[in-house]
Amino acid sequence: MSGPCISIRLSALMFPWTWLTLSLLQSCLIAGAAAADSAGAGFSGSAGPLGWLLSEKGPFHNSQEFVDFSERYQQGFTTKYKIYREFGRWKVNSLALERQENNGFSIPLDAEFLQTIRQLGRRPSQSAIIDNIIRKYGTHFLLSATLGGEESLMIFVDKRKLSRTSEGSESNGTAVTLEALHQLAASYFIDRESTLHKLHHIQIASTAIKVTETRTGPLGCSNYDNLDSVSSVLVQSPENKIHLQGLQAILPEYLKAKFVQAALSYIACNEEGQFVCRDNDCWCRCAVDYPRCNCPEVHLKAMEASLLQIQDSWYMANQEFEESDEFQNFVRRLPTFYALNSSAIQYFWKMEPSVHQRYKQLELSSQQLLSKARRIINKLFTLSKRCQTQPQIIMLRER
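Positions -35 to -1, 1 to 364 (mature numbering (1 follows the signal peptide of the UniProt record, and there is no 0)) are the ones given, in order, by the sequence shown.
Calculated directly from the structure, the hints in this document are not laboratory data.
One thing to keep in mind: the hints can contain errors.
Below 20 Å or equal to it, Euclidean Cα-Cα: the simulated EDC-like pairs (lysine to aspartate or glutamate) are [claimed, not checked]:
1) K124 x E144
2) K101 x D156
3) K325 x E269
4) K47 x D156
5) K124 x E288
6) K175 x E158
Predicted, not measured: the structure shown is a model, and the values here were computed from it.
Could you build all of it, start to finish, from the sequences and the hints given here?
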């Protein structure tokens, strides 16, 4: 059900970090956005200039969905499938900027928020802005969004365990494949009880999947006369996106630049220093109590652990190729009564088309692992360039 477009007070649209997605602060220095990746200590699997959004002070850090995903990722579950449906959708818009642009109308801000702004004075310190505004109201407010309810099923998959489970159960006809999981997920809303029973049986038997079922907000197709009495949640999907605006847009002119600086320091420097940009490079000017604020050791160790996992996957992929029937058949067909040089081996290799296809699979998986390793290594060196010691990396090479 889709409801009418309504407008609500800004006080109801201010959210803590748990709900926010950043389109950081439009009045920020251009260099600050360009160097966000190097300044923020993001999730080890992320890459690109927005990786810092997953840092400890980033908007996704305390998001339950991201916390669940990051925990599963560390456990080896690298793929997530989600099937969902939404209920009771209402479009909501903020009056703040609309009133501000139309001269003569006062912005409908919360009285407590206005009182906080007045008490800060015209020259507040960075810590005062963080304690009184950012901790309480976040850094962004909602321009428009969709409220409603959602019912979803998420399946986290460890493809390595799934493939080994499938190989071991092919003999008795109970192999679990990605196609089988797709079919089960697709039948969730048709036969929920039976689907969950089968998925939980696979989860217990193989440990290759983890199943999570969630229900939030109002479910069903009832008509709601009073939206204030409905416990709705923000609906986030490709069709229903959340639009945010930096909080500095509704702050007084004298406070905007200081607020942006405080927000960047809060997010990128973890409150341990001041965020500084110069000559297309950004870093944290560490406070006296935190001399190592530019060296995110926890995140560096997490990335090094990810590299070790990639190395293990690399060796496992090569071992699986060597133990494959195609390669073993190729080795058995090689002559053993005289020495073979590289030209002779290459000749016999060309005569075995079956092993070529198996080797292409190895090449594809190796390229994916190499690409992922390079991204992590680039970020590792970027984050550690102001550390006292530099990481020691052994790069994977084709065999």
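Worksheet item: Going straight from one Cα to the other, do K175 and E158 come out at no more than 20 Å?
Response: This hinted pair holds, its Cα atoms lying about 17 Å apart.
Discussion item. K101 and D156 were given as a pair; does the straight-line alpha-carbon distance stay at or below 20 Å?
Written reply: Not OK: K101 and D156 at ~44 Å, beyond 20 Å, violated.
Worksheet item: Between K325 and E269, is the straight-line Cα distance small enough, at 20 Å or below?
Response: This hinted pair is violated, its Cα atoms lying about 28 Å apart.
Discussion item. Can you confirm whether the C-alpha distance between K124 and E144 stays at or below 20 Å?
Written reply: Cα-Cα ~12 Å, so holds.
Worksheet item: Between K124 and E288, does the CA-CA distance stay at or below 20 Å?
Response: Holds. K124 to E288 sits at ~19 Å (cutoff 20 Å).
Discussion item. So if I understand the rule, the pair passes when the alpha-carbon distance is 20 Å or less; does K47 with D156 pass?
Written reply: Holds, because 16 Å separates the two Cα atoms, which is no more than 20 Å.
Violated hints, listed in ascending order, are 2, 3; each of the other numbered hints is respected by the structure.
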